[in-house]
Amino acid sequence: MYYYIFRQIVGLEDYSRNTMTKHTTKEQDDPLIEVHKLTKTYWNGDIPIRAVRGVNLTIKEGDFIALMGPSGSGKSTFMNLLAFLDAPSSGRYIFSGSDIKDFDDDYLAELRNAVIGFVFQQFHLLPRTSALDNVALPMLYAGIRKRRAREHAYEMLKKVGLEDRIYHKPNELSGGQQQRVSIARALINEPKVIFCDEPTGNLDSKTSIEIMDILKKLHKEGKTLIMVTHEPHIAKYASRTIYMKDGSISQS
Amino acid sequence: MMLVTHFQTAIKQLLANKGKAALTMLGVVIGIGSVIYIMTLGEVAKKFLLDQISQFGTNVIEVAVAGEFGPFGGSEDVTLTVSDVDELKSSTLLPELTKISAGYSVTKNIEIDGKKFTTSILGDTIDVFELNHLNLMGGRFYTESEEKNAERVVVIGDVFAEDQFGSIKDAINEHITIDGTKFAIIGVVEDISGASPFAQNISYAPRNTIHRLFAPAEEMNDVGYMLIEFEQGTNSTSFEQRLKYELNRIKGIDEDEGDAFLIVSRQQFLEIFDTILLGIQAFVSAIAGISLVVGGIGIMNIMLVTVKERTKEIGLRKAVGAKNSSVLIQFLIESIALTTLGGLIGIAAGLGLSYLSVFAANTLQPGWGIQFVFVPSSIALACGVAITTGIIFGLYPAIKASRLHPIESLRYE
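Chains as they are written, first to last, in the numbering used here: chain G, 676 to 927; chain E, 610 to 1022.
It is worth saying that the hints were derived from the structure and are not from the lab. Built from N, CA and C at the ideal position, the CB exists for glycine as well. Be careful, since some hints might not be right.
Unchecked claim - One-sided and incomplete, this derived list gives chain G residues near chain E with beta-carbon spacing under 8 Å:
id : residue
1  : Leu760
2  : Ile775
3  : Lys776
4  : Asp781
5  : Ala784
Hey, can you work out the whole structure from these sequences and the hints?
See the structure below:
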């Protein structure tokens, strides 16, 4: 229920489920994400750890970004900020034309639910829960009834080629299948951006290719994807690669 | 909206950790079980007593000399006599008074065909039969003239009759020797010792006979106690006060010196029992409370472990849009599910145990006919307590879960 209320608060009411795709194709070049001097500083006791140091970046709708960099470069922290998993210490974040200023927990949760999809390296599927219910979960948090959420979840699983595995529990699925379930879950609320954190990190090379082919297909359909990876051959699937070093973008 | 889903998750979680859940619930099971047990047995006992009392009528007051019953400040010198009884009967202050049974009881050796026993014999007026609702099984009660003329007749209990003479019919017109004096058995009554734990196996004879034959000279006119019946619908408290006033007046006792008589109405007896029962119930409830607190802490402990074990799940739920409140409610429902299940098992155990107790009591005392009473309010109370325990002890772990940071939780190993 709060899904709709949220859209009014944020000023995203234009992006109802039906009009979103049209919108995406029509204004392909509009910036979806704009950040200005975005910083994130952690405090380890009295010692500040400046994980992100004033990053400026613009990501257009329909982009497929690969975010690369050595460990400790701040790429994960930066992705968390972009994905509304964490609040920045300073700077501006304009998402789809709205200046995001309010970073309280509930507001961020609503944003993540409505406009973000996640694909994690470790899949993060609920144990002892069917693929169908795993995929339906974000839709339940959007306040949609279980039956309708399951119908949507079935469509999503069909899209990733798992329509014959909908009642399988995660432990009955292969790694590749589990990752496909999590892609289906990322897609169910028709997000504006899909964040992929090392999506092939736990998969063998053959399965990695399968997963990357699905992501490539999503990109072709007009989805915006932001992928953190440290493997150059995976980064090649992206339309644009951004390198980070010491909390700043070194090359893009 | 997600309550059903949360509940399903809770059940799934319970089933996945059956052993752990069962152990955790034990405290709640014991707590709730004992509440149900004591409440049910209390009601069973109350119903039993009420049935007993109403069987004998609630319009009856018992009077005894207080001194006989212990150190209640009564004077040992006061005794009730036959003339006191007559004075009460003719009192204008007590117009509602209908009958008085005033007995003089002795314990004597008796002899039947050379066999010797000891039994108690109650010498009383003919009113004793009606006031005690005694059922005549054979023969007849003694008459007023037999009472007046101190005839040597006796009415015995049916168990006694069957044991000694084979049957009730065979006992009638037989003779027993009480302390060397021959008595004719004229009637057999249903033995109330079987039906009531308060009455002993006793025989009944005219009071004049017992007084003349067995009472020492100084007790010639004494009566041990009085059973006074008054008209139905009389205000019991008012009647009791007037009775007390009259007794004090007759015996010349100053009211300020304390109570010389123990006056107990059946109504009062019930109230006394209620008070005792309430005390017992409060005591057991306190123990049950401790058990619930211990059980609750167990629940809290297991929920804290669960939150820790499922940190990643919490992180994932938050990442896909669960608000803090949603996570809070989810874990609260899980702890409520635990305590509610524990409560339901406790209710079943409590009911089963009290049913078994009633069954055992009836097996041991078949005559009492104790009835099982189902107490719906105790079930409602138990459910309420179980849910409340779940909320109280689940709140802290649930708050802890709700405040976890999504990224840190996702990365938690």
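Verification of the supplied hints:
1. A distance limit of 8 Å between C-beta atoms decides the matter here; for Leu760(G) the minimum to chain E is near 5 Å, and the interface restraint holds.
2. The criterion of a C-beta within 8 Å of any C-beta in chain E is not met by Ile775(G), whose closest approach is roughly 16 Å, and the hint is violated.
3. Violation of the interface hint for Lys776(G) is found here, the shortest Cβ-Cβ separation to chain E being roughly 19 Å, above the 8 Å cut-off.
4. Taken as an interface hint, Asp781(G) checks out: its beta carbon lies about 5 Å from the nearest beta carbon of chain E, inside 8 Å.
5. A least Cβ separation of about 5 Å between Ala784(G) and chain E falls short of the 8 Å threshold, and the interface hint therefore holds.
When each numbered hint is compared with the structure, violations occur for hints 2, 3.
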